[in-house]
Amino acid sequence: MKQRKTDEGYCLGIESTADDFSVGIATFKGDILANVISAYMPPEGGIHPREAARHHAEVAAKVLEEAFQKAGIKPKDLTAVAFSQGPGLGPCLRTGATVARALASYLRVPLVGVNHCVAHIEIGKLKAGAKDPVTLYVSGGNTIVAAFDAGRYRVFGETLDIALGNCLDVFAREAGLRQRSGEPFGAVVEKLAKKGKRLIPLPYTVKGMDISFSGLLTAAINTLRRGEYSLEDLCYSLQETAFSMVVEVTERALAHTEKGEVLLTGGVAANKRLQEMVCSIAEEHGAKFCTVPGEFAMDNGAMIAWTGVLAFTHGVTMPITKSFVRLKWRLEEVEVPWVK
Amino acid sequence: MGEISQPKLIKRGAEACLFLAEWHGRKVVLKRRLPKKYRLPVLDEEIRTYRTIHEPRLMHEAKRAGVPTPTIFLVDVKNSTIVMEYIEGKQLKQLLNQVSEGDRQNLCRKIGELIGKLHMHGIVHGDLTTSNMIQNGDGKIFFVDFGLGEKTRELEAIGVDLHLMKRALQSTHYKFAEEYFKNVIEGYSSVLDAETVRNVLDKIREIEKRGRYVAERRSMQI
Numbered sequence: 104m105k106q107r108k109t110d111e112g113y114c115l116g117i118e119s120t121a122d123d124f125s126v127g128i129a130t131f132k133g134d135i136l137a138n139v140i141s142a143y144m145p146p147e148g149g150i151h152p153r154e155a156a157r158h159h160a161e162v163a164a165k166v167l168e169e170a171f172q173k174a175g176i177k178p179k180d181l182t183a184v185a186f187s188q189g190p191g192l193g194p195c196l197r198t199g200a201t202v203a204r205a206l207a208s209y210l211r212v213p214l215v216g217v218n219h220c221v222a223h224i225e226i227g228k229l230k231a232g233a234k235d236p237v238t239l240y241v242s243g244g245n246t247i248v249a250a251f252d253a254g255r256y257r258v259f260g261e262t263l264d265i266a267l268g269n270c271l272d273v274f275a276r277e278a279g280l281r282q283r284s285g286e287p288f289g290a291v292v293e294k295l296a297k298k299g300k301r302l303i304p305l306p307y308t309v310k311g312m313d314i315s316f317s318g319l320l321t322a323a324i325n326t327l328r329r330g331e332y333s334l335e336d337l338c339y340s341l342q343e344t345a346f347s348m349v350v351e352v353t354e355r356a357l358a359h360t361e362k363g364e365v366l367l368t369g370g371v372a373a374n375k376r377l378q379e380m381v382c383s384i385a386e387e388h389g390a391k392f393c394t395v396p397g398e399f400a401m402d403n404g405a406m407i408a409w410t411g412v413l414a415f416t417h418g419v420t421m422p423i424t425k426s427f428v429r430l431k432w433r434l435e436e437v438e439v440p441w442v443k
Numbered sequence: 409m410g411e412i413s414q415p416k417l418i419k420r421g422a423e424a425c426l427f428l429a430e431w432h433g434r435k436v437v438l439k440r441r442l443p444k445k446y447r448l449p450v451l452d453e454e455i456r457t458y459r460t461i462h463e464p465r466l467m468h469e470a471k472r473a474g475v476p477t478p479t480i481f482l483v484d485v486k487n488s489t490i491v492m493e494y495i496e497g498k499q500l501k502q503l504l505n506q507v508s509e510g511d512r513q514n515l516c517r518k519i520g521e522l523i524g525k526l527h528m529h530g531i532v533h534g535d536l537t538t539s540n541m542i543q544n545g546d547g548k549i550f551f552v553d554f555g556l557g558e559k560t561r562e563l564e565a566i567g568v569d570l571h572l573m574k575r576a577l578q579s580t581h582y583k584f585a586e587e588y589f590k591n592v593i594e595g596y597s598s599v600l601d602a603e604t605v606r607n608v609l610d611k612i613r614e615i616e617k618r619g620r621y622v623a624e625r626r627s628m629q630i
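These protein sequence lines map, in sequence, to chains R and G.
Residues in the first sequence are numbered consecutively from 104, following the numbering used here.
Residues in the second sequence are numbered consecutively from 409, following the numbering used here.
A couple of the hints might just be wrong.
Unchecked claim - For lysine-lysine, the following DSSO-like pairs were computed, each having C-alpha atoms within a straight-line distance of at most 30 Å: (1) R:297 / G:445; (2) R:431 / G:617; (3) R:425 / R:179; (4) R:234 / R:310; (5) R:234 / G:419.
Claimed, not checked - Output of the computed footprint for chain R on chain G, the stretches with three or more beta carbons under 8 Å from beta carbons of chain R: (6) 413 to 422; (7) 442 to 453; (8) 530 to 538.
Simulated from the structure, these hints should not be mistaken for laboratory data.
The beta-carbon is built from N, C-alpha and C at its ideal position, and this holds for glycine as well.
Chain G with its partners taken away, still in its complex shape (with noise of 0.2 Å):
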C-alpha cells in the first residue's frame, strides 16, 4: 500500500474511519476497521476480518445486480482496511431535506428500486440508512457501506432489511417517514413482480406484529 499518500480523517464512524488520500493519482477512500477495546481481541478481530473480506465482495455483486457502489481497488485484511473509489456527491440524508416534494418523490422511487435490485440478486444490505446512500453529480445513487450485509434469499433477512430502512426513516426524517416509505415501496415494486412485493410486505408486517412495533403497525399502512 507504498503509493498511498496523506490520508486524511473524514469520517470517524462507529465501526470504521474513513480516510480520504490519493492513490496512483485518484481520489481515494481507506475504510478501515479499527481494533475495539471493549471486545475480546479473539473476537474482536474475526469480526473485523470477516467483514473486511465480506463488504468488497458484497460491494461487486452489487453493481453486477445494478446497484452503483464505488470500486473497490485494494483489500488489505491485514490491516482490515479497504481501498475503494471516492464518490464526489451528497448524502441522502441531507439531500432529502432539501429538495423539492416532487424530486424528493423521485429520489426515494429511485431508491427502492435500486434496494429492489440488491433483493432481486440475493443481496440484502444489512444498515439501509440515507447516510449510506450518496448522489454524485451525475444524478447516480451510490450505495455504500455494505459491512453488515450478506448474500441470502431468504425472506426474512429481506423483510428485516426494508424493515430497517423504514425504521431508519423514521428516526432522521420522522416528519416524513410514511410519505417517503411509501414511495420506497412504489420504486421497490417496480423492479419486482408482484408476488414476490407482496410475500416481503407480509413479512414486513409481521415482524412488526412481532410486538416491539405496535405503534408502527398502527401509524403506517404500507
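Only chain R is shown next, with the shape it has when bound in the complex (with noise of 0.2 Å):
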C-alpha cells in the first residue's frame, strides 16, 4: 500500500447504486475535479435492474477514461478508490463493486465502502456551504429527513413505503407522458404543474415524522383514470400534496433540532417549487436554506469520492474481501467520525 500525508492526495469514486453510472474524482482538499454521469434510460417503464446493470458494465471503462482526462490525472495518481457500497439495486452496486475492486487492486490502494445517503449530505455540505444542516434528501429511491447527532446521521423522519420521485415518476408513466433524453419525470410533471391552477383533494398522509405516498399515488391515478381533471391540474395538485407533506416533516425536524441551515438535495430537489416551499420554513425558522446544483443533488460519482476522502483521512477503509454490498444499509448506521 502506498503511504501519503493526508492533506494531498485524490480519491476516485464509483456510484451505481440505481439507474446513474457515474465516476467523480476528488482532491483531498475537496476540489471536485470531474464527475461524469451516464444515465440508463429504459426504453418503457421503470428501472430493470439487470438491464441497469448491464448499462453500467458496459460504460464503465467509457465514463472511468473520461474522468480521469477530464481531472488531468492518471489512474496511478491516485491515493483511494471509494464506490457506493449501498442502499440501492443489489446488481447495479456489485457492477459499480466490481469495477471499483478491479481498480482499488491493480493500482494497490486502498478501498474505502461509502453509503449513497451519507455522501448526498456530505456533497451538499461541501458545494453548497453548509455545517450542519437538517438534511431533506428526496430521490427516486430516498425520502429522508436526517439531521447529523452525537457521531451518526440520525434519521428524523422517512417514507414508510416509496419515495417522493418514485410517485412522480410511477404517475408520469401511467398518465402516458414522455421525457425527452436526459430529462427526468419529475420534470415533465413539473412543467405540466405550473399550468394547474385548481387543487384537486388528495390524500394527505402525515404519520408523526413519517411519511407515506402510496395512497396519494394510487388516488391521484384513480383521479386520473376517471379523467374528470386536466392533467396540469392533476400534476399541480400531486406535487402540492406530496411536497407539502415532506416540507411538514422537514420543519418539525428543523423545530425540534434548532438547527440553522436546511439543504434540500437528491433528484428531486432541482424541483423549484420544492426548492421554495422548503425556502420558506427556513426563512421561518431563521436557518439559512441550501440547495446544490443538479449534478451533485442528483446520483453523482464525486459524492463517493468525496465522502471516501472524508472516510480515508479518517482511517476507514476496507480489505476486498469485506467489501459486498449492502442493499439496505441505512444512514443511521453509518458512523461519521469526520463530523463534530
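Two chains, each in its own frame: build the complex with the hints.
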C-alpha cells in the first residue's frame, strides 16, 4: 500500500446504486476535478435492475477514462478508490463494486465503501457551504429527513413506503407522459404542474415524523383514470400535496433540532416549487436555505469520491474480501467520525 | 375570547405556537395553528381547520379512555386556536434521562399502559414521542398534541403508532431505546389481551420488514 500524507491526494468515487453510473474524482482539499454521469434510460417502464447493471458494465470503461481525462490525472495518481456500497439495487451495486475492487487492487490503493445517503449529505454540505444542516433528501429511491447527532446522521422522518421521486415517476408513466432524453419524469410533471390551477383533494398522509406516498399515488392514478380533471391540475395537486407533506416533516425536524441550516438534495431537489417551499420554512425558522447544483444533487460519483476522502482520512477503509455490497444499508448505521 | 389576557409565547413548534395565558383566573395554553406560507392557502386552511376540530375531540375521548389529557376550554375554529388546561410538570423526554433506572422502567411501563388504553378505545395518537408526554406534580402522565391522531381500530394504524414510539425513542434516547421500548411493551401488554398484543407486535415486525427498517429488525427484539 502507498503511504501518503493525508492533506494531499486524490480519491476516485464510483456511484452505481440505481440507474446512473458515475465516476467522480475529488482532491483531499475538497476540489471536485471530475464528475462524469452516464444515465441508463429504459426504453419503457421503470428501472430493471439487471438491465441497468448491464448498462453500467458497458459504459464503465468509457466513463472512467473520461473522468481521468477531465481531472487531468492518471490512474497511478490515485490515493484511494471509493464506491457506493449501498443502499441500492443489487445488480447495479455489484457492478460498481466490481469495477472499484478491480481498480483498487490493480493500483494497490485502499478501497473505501461509502453509504450512498451519507454521500448525498456530504457533497451537499461541501457544495452548498453548509456545516450542520437538517437535510431533506428526496430522490427516486429515498425520502429522508436527517440531521447529525452524536456521531451519526439520525433519520428524523422518512417514507413508510415508496419514495417521493418514485411517486412522481409512476404517476407520469401511468399518465402516458414522455420524457425527452436526459430529462427526468419529475421535470415533465413540474412543467405541467406550472399550468395547473385547481387543487384537487388528494390524501395528505403524515404520520408523526414519517410520510406515506402510496395512498396518494393510488388516489392520483384513480382520479386520472376517471378523467374528470385536466392532467395539469392533477400534476399541480400531486406536487402541492406531496411536497407539503415532506416540507411539514422537515419543518418539524428543524423546530426539534433547532439547527441553523436546511439542505435540500437528491434528484427531486431540482424542482423549483419544492425549493421555494423549503426556502420558506428555512426563513420562518431563521435558518439558511442550502441547495446544490443538479449534477451534485442527483446520483453522482463526485459525492462518493468526496465522502471517500472524508472516510479515508479518518481511517475508514476495508479489505476487498469484506467489501460486499449492502442493499439495505441504513443512513443511521454509519458512523461519521469526520463530523464533529 | 375577550377574557384571555397576556398571551406569552412558550413554544414555537413546527405546526403550532403555544401561548401561556390567563383565562377566567386559570392558567391556560392556547394552541394556535398559524398559516403556513409554503402550503397553498386552500390546502393550508383545510389542514388547519381539520386538525383544530379533530384534536380536541380526540383529547376528550382519550380522557374517557382513562388517559389524562389537558381539559379543553374553548375551540376557536376561525382562528384555528384551542384553549386548554395548562399542565405544570416535566416532559418525559427530560425526565427519562434524569431518574433512576427503576423509575425509568416504571415510567416506560406507565407510558405503555396509557398507549394500550388509547388503542383499546380505538384512538391512535399519531405522534407518540416523549416530548408529547408530561408528568405533573402528582405523578400523573398527560398525553398532549393529538393533532395527528385519528379514531381507528385498524391494526395497520395501531402498528404504525407504536412503531413511531419506537422510532422516537431511537432518535432521542438512542442509548437506551431498546430497553425503554421493551418496558413500554410490558405496560402495553398489561392492559390489552394477549391475542391483540400478539397481533400488534406481529404488525410492527411486518412494518419493519417492509424494507426500510432492516437495522431495527436486526438490532431490536421485542
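Each hint, compared with the structure:
no.	hint	result
1	R:297 / G:445	18 Å, holds
2	R:431 / G:617	11 Å, holds
3	R:425 / R:179	24 Å, holds
4	R:234 / R:310	29 Å, holds
5	R:234 / G:419	26 Å, holds
6	413 to 422	holds (count 3)
7	442 to 453	holds (count 7)
8	530 to 538	holds (count 4)
When each numbered hint is compared with the structure, no violation occurs for any of them.
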